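Peer 1: If you want the building blocks of each chain, they are given just below.
4 protein chains.
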Amino acid sequence: SDNLEIVVRAFSHSFVIPEFRSFCDDIDKIYHQCKNNQNGQTTQYIPQLANKNPKFWAVSMCTVDGQRYSVGDVKESFTIQSCSKPLTYAIACAENGPEKMHQYIGFEPSGRFFNELCLDYKNKPHNPMINSGAILTAALIKPTLSAADRFDYILEMYKRLAGSEYLGFNNSVFLSEKECADRNFALAYFMRENKCFPPGTKLQETLEFYFQLCSLEITAESGAVMAATLANGGINPLTGDPVLTCEAVRNTLTLMHSCGMYNYSGQFAFKVGLPAKSGVSGCILLVVPNTVGFCLWSPPLDANGNSVRGVEFCSELVNLFKFHHFDNLRGNTSTKIDP
Amino acid sequence: SDNLEIVVRAFSHSFVIPEFRSFCDDIDKIYHQCKNNQNGQTTQYIPQLANKNPKFWAVSMCTVDGQRYSVGDVKESFTIQSCSKPLTYAIACAENGPEKMHQYIGFEPSGRFFNELCLDYKNKPHNPMINSGAILTAALIKPTLSAADRFDYILEMYKRLAGSEYLGFNNSVFLSEKECADRNFALAYFMRENKCFPPGTKLQETLEFYFQLCSLEITAESGAVMAATLANGGINPLTGDPVLTCEAVRNTLTLMHSCGMYNYSGQFAFKVGLPAKSGVSGCILLVVPNTVGFCLWSPPLDANGNSVRGVEFCSELVNLFKFHHFDNLRGNTSTKIDP
Amino acid sequence: SDNLEIVVRAFSHSFVIPEFRSFCDDIDKIYHQCKNNQNGQTTQYIPQLANKNPKFWAVSMCTVDGQRYSVGDVKESFTIQSCSKPLTYAIACAENGPEKMHQYIGFEPSGRFFNELCLDYKNKPHNPMINSGAILTAALIKPTLSAADRFDYILEMYKRLAGSEYLGFNNSVFLSEKECADRNFALAYFMRENKCFPPGTKLQETLEFYFQLCSLEITAESGAVMAATLANGGINPLTGDPVLTCEAVRNTLTLMHSCGMYNYSGQFAFKVGLPAKSGVSGCILLVVPNTVGFCLWSPPLDANGNSVRGVEFCSELVNLFKFHHFDNLRGNTSTKIDP
Amino acid sequence: SDNLEIVVRAFSHSFVIPEFRSFCDDIDKIYHQCKNNQNGQTTQYIPQLANKNPKFWAVSMCTVDGQRYSVGDVKESFTIQSCSKPLTYAIACAENGPEKMHQYIGFEPSGRFFNELCLDYKNKPHNPMINSGAILTAALIKPTLSAADRFDYILEMYKRLAGSEYLGFNNSVFLSEKECADRNFALAYFMRENKCFPPGTKLQETLEFYFQLCSLEITAESGAVMAATLANGGINPLTGDPVLTCEAVRNTLTLMHSCGMYNYSGQFAFKVGLPAKSGVSGCILLVVPNTVGFCLWSPPLDANGNSVRGVEFCSELVNLFKFHHFDNLRGNTSTKIDP
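Protein chains in written order, with the numbering used here: chain B, -2 to 336; chain R, -2 to 336; chain V, -2 to 336; chain D, -2 to 336.
FYI, nobody ran anything at the bench for these hints, they're computed from the structure.
Worth double-checking, as some hints may not be accurate.
Heads up, the list lumps identical chains together, so a pair's fine if it works in one copy or across two of them.
Lysine to aspartate or glutamate pairs mimicking EDC-like chemistry, simulated, CA-CA at most 16 Å apart [stated by the list, open to error]:
hint: 1; residue 1: K32; residue 2: E205
hint: 2; residue 1: K175; residue 2: D70
hint: 3; residue 1: K319; residue 2: D149
hint: 4; residue 1: K26; residue 2: E313
hint: 5; residue 1: K26; residue 2: E153
hint: 6; residue 1: K319; residue 2: E190
hint: 7; residue 1: K333; residue 2: E176
hint: 8; residue 1: K319; residue 2: E244
hint: 9; residue 1: K175; residue 2: D146
hint: 10; residue 1: K175; residue 2: E162
hint: 11; residue 1: K49; residue 2: D238
Since we're looking at a predicted model, the values are computed, not measured.
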């Protein structure tokens, strides 16, 4: 067995994270540190999310070569909410190409709240990571299909992103979303008035499709595979399935990097420097390109609408490891670890 | 001499851009392609800039190991304008540390014009790459020194960034800037009213200091060394002088990446994916981290206030080379060159 | 007959406009002067209004003691559009009292466009003369009745305002309004999100009711009687019917005075100084309190959305007669006529 | 003496308020009622105003035929602050004519705060009753005179408005205003950038002139004479001096009516329906056209910046007397008094 150990270790050096066991130990420590953080509260706008147990806390990861580690409530299901935005955008981008997408949607952080009633200086939604842009993204996915076929198509794509892991649909959340959607209806009508939609867009149907996307259910485990698929340039690291084009992933990561964390996006890009997207269910998808995808989940949110424990986890991760976008600068003499 | 050639070539493989000659040939081709672009016009707000010859077009580069290539009007001097913003921010960040800096200045793109009369949701200027944030940055540099000593200090720092290359001061531009500064005065008073400045800040003096920073003169050649110093983590690649801390450079590149190209920043991050900063004199500092710094200069500007030829150059560069922030994604099968 | 003349003249002096014949001659002159004005164009947002003949021009008046004069296309019917706003407000105000009304609606000009997506600093629509406030006003009218009974009620009230004159309903305009109502839907959802509506308000039904109010048809003649009812403190001068409370009329005239002419309201209050309300069909209701009500109608609109000929008429009227709110100042030595 | 009484009474019936003694008794009752109101607090932005005794409460009135009544601290002096705005506007309007004035200044309530950094849709300050418009008004008064002569001119005009009553200048307030004027400087530079000023305007000098106007000192007694001069169409009722043109007064009253009470203007027009202007010193000038001018003064302000006791006084006055703009509507059966 000593011999086997040596073989494993030798072999392991060809993995993207050679010292995986030690890396997992570090992840574990950060997990437990964040667990003590009792701040924040669950989102209140629909009862299904408001009533989630604030103690839930899960971290799951999947490397680009398929190594897995998970800790906490990683088998609990929750709705994906705004974490669907980058995935749906990536699918739409692979389907339509970025030129067509960005005829309708901008590339800029809005400098304002995620659901602000405003358009950019070209009369487009600012970017696909905010509600207006995500509604438009939904409008650009298979617009000629029936509502049922559209949903089947997107479900199939999300399943490919998640590999064999859990993907469900929470109908009571969907119905609540529809009920509480005054702002989204206002946004949609405002955009239609400004001729933001492609010709022939059915407003009501598009909004329902958008609410369905927000009501898909994942677990931290399946979310991690999705994030890893993005980290891996669009190829699912577990199945080898080329779900998304590399270009679509590049564009998606760029926009997650600049616009993924609501009003905290700029600060997150500054301090963490990694593409991420959060949702009001308390979920964060975090991508370390070419290395690993994380799904973090804990319902209590901070004032910006991001999971309190999730944001703390990201900060600690980047304090410990050289993961920040500009961490590998020449001359960097910090003692951070390159895992 | 055949032998020497072989030695040189062998040796060259240890450079960051091993095939430097071929790389320069490609740069040269892009330079000439952009030269044909006759669009845009010089900024009109002060005569010294309005009257610049629109034919000027210069590209200069400097690698992190000190290799140089320059083409066009690279010895012509011009004022640095807003390209001073990232450099001054980096100096201030190295001096004060980012925590102190960002007590006063945000991290977010504003989603609005660069000189908009507004503050972010925490009543700070949105970021140090727009006028309000740059005025605040100026206020944070050696505030206890006399005006003359402050200017000497910053001049000295800029000289260290530029190595032995040209750095001057254009007094007639400075006087014109002061004359035409209604918006900047409005911004400064608006910020003072909102208690944005550190206690003891002298408004008039700070604004004059800010105008002086904009009126520093460089050439494309000296600008390239400055950009290369950023690419090299703060160590001047020609002199080996550790001008800036690695952390200050990381922060600066992050903000150039998200906020450096006025209202085109989001689109630039999306399409080019490199930290850059432009100024109304037609200058662009472009940083390929750990590789090379560029200074591009051509006076005619597009509607966003960026040099027309400069922006085209950046696009072509990234079309040809794997320089985009997310270009190295696994599974990327594009035929782009890794120089 | 000389004797009769004397009797008539003696009797006429007890009228509010003693020299009515001469007054009518002056009105006639102004009418013909304005007729030459070919500026403006019909509103384009629905075909039924866009296609109206731009030559239509009607002036009708009715004094508070029931004298009538009409010139031009005064028997043509047209939809009342935003001229319904003060009438519906007056009815709602008489029904609910001003305190209840202004729990939900503000009193202020908005300083912005009539359909701007914004609320005042207390999160209410700025006033009942703009779309958001008028939708809320509609919500406050007999909210417990069925849609049919509500419409019957309001129709009955409008008939009492118009006396025996023409009142109709244009169903094709109503259907077009519903089709082109993106902004109104956006406004309504935005207000519901901000909890602007009374509990139990049905959004869809309220909007349809609002569109129905805009689609009521009048003639210049019937509009003049409505305006005269306002001029007469709420008592229809032809029928003697006390349709509205005096307090409701006072409140209505106050808001017409400050907010009735879209973005031109302030200028109109300044130059004309009389309560008025215009609509996109080219209609203006103009009230000279205690004296006379006018209905002016001509489809071509200026950039503010007010009838070009109508606005000119108002200016000329006030240039000739002492009708401005502050025209009767002591020391006023102008040669204006007091009819 | 019985005989004398009869003569006086007979004679008094030719006065605008025939039963003056009874009217004064009513004013007295309202005064004492408002005295109990302990709400509000003095403005905090400069110490000279912050430290005023909150118990000060003065009401002074002057009818258009020169009858006087005063109660409370009517001999105390205080700075006129924003109550100078309508007076300066009236003087400028008489000097330049309204056409020239309104080339530079709008007529509209802004729907925003009185010192908001914004211009109307024609790039003018919204109206002369807010800071930006008042600064522009100052720029339009005798712009070719020296600073000293300009001040002398305006002082002379104010003295004519006040008759022989007190008018002073508070230099320490003036110096404080200059110190704390960040927003006004921001406004002025913002306006200069937008080319709002007439050619040749000296910014610094204009602002100083504006601060001087705010630092003029009056008493409630002298303020009442100024208000009475407006009520009397521009002719000082005590001296008979025709200080202002009737047209200038008409324009001034129109704008006081719509824009005089900060963010409460719309509500004030609705509930009180009289032209008024308030200032942060706690002063209100209230005009009942053709009847009487009031000056109310009490330092504690409400959230809108209006004197708490002053606003209560206005409400009670209009509840008791038929002074509202539309109170004289036919059919008004209210029991309100017509004094």
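Peer 1: For the identical chains here, do K49 and D238 meet the 16 Å Cα criterion within one copy, between copies, both, or neither?
Peer 2: neither (34 Å within a copy, 55 Å between copies)
Peer 1: Is it within, between, both, or neither for K319 and D149, if the alpha carbons may be no more than 16 Å apart?
Peer 2: Answer is neither; intra-copy 40 Å and inter-copy 36 Å both fail.
Peer 1: How would you classify K26 and E153 at a CA-CA limit of 16 Å: within, between, both, or neither?
Peer 2: Neither. Shortest intra-copy (36 Å) and inter-copy (46 Å) distances fail the 16 Å Cα cut-off.
Peer 1: Using 16 Å as the alpha carbon limit, work out where K175 and D70 are close: within a copy, between copies, both or neither.
Peer 2: The answer is neither: 28 Å in one copy and 49 Å across copies each exceed 16 Å.
Peer 1: How would you classify K319 and E190 at a CA-CA limit of 16 Å: within, between, both, or neither?
Peer 2: neither (47 Å within a copy, 41 Å between copies)
Peer 1: Check K26 against E313 for me: Cα-Cα at most 16 Å, and say if that holds within a copy, between copies, both or neither.
Peer 2: within (10 Å within a copy, 45 Å between copies)
Peer 1: Is it within, between, both or neither when you check K175 against E162 at 16 Å Cα-Cα?
Peer 2: Cα proximity of K175 and E162: none, with 27 Å in one copy and 46 Å across.
Peer 1: Checking an output row: K175 and D146, CA cutoff 16 Å. Within, between, both or neither?
Peer 2: neither (20 Å within a copy, 30 Å between copies)
Peer 1: Up to 16 Å between alpha-carbons, please classify K333 paired with E176: within, between, both or neither.
Peer 2: Close neither inside one copy (48 Å) nor across copies (49 Å); limit 16 Å.
Peer 1: Measure nothing new, just compare the shortest in-copy and cross-copy C-alpha distances for K319 and E244 to 16 Å and report within, between, both or neither.
Peer 2: Answer is between: at 12 Å across copies they meet the 16 Å cutoff, but 25 Å inside does not.
Peer 1: Is it within a copy, between copies, both, or neither that the alpha carbon of K32 lies no farther than 16 Å from that of E205?
Peer 2: neither (36 Å within a copy, 50 Å between copies)
Checked against the numbered hints listed earlier, the structure breaks hints 1, 2, 3, 5, 6, 7, 9, 10, 11; every other hint is satisfied.
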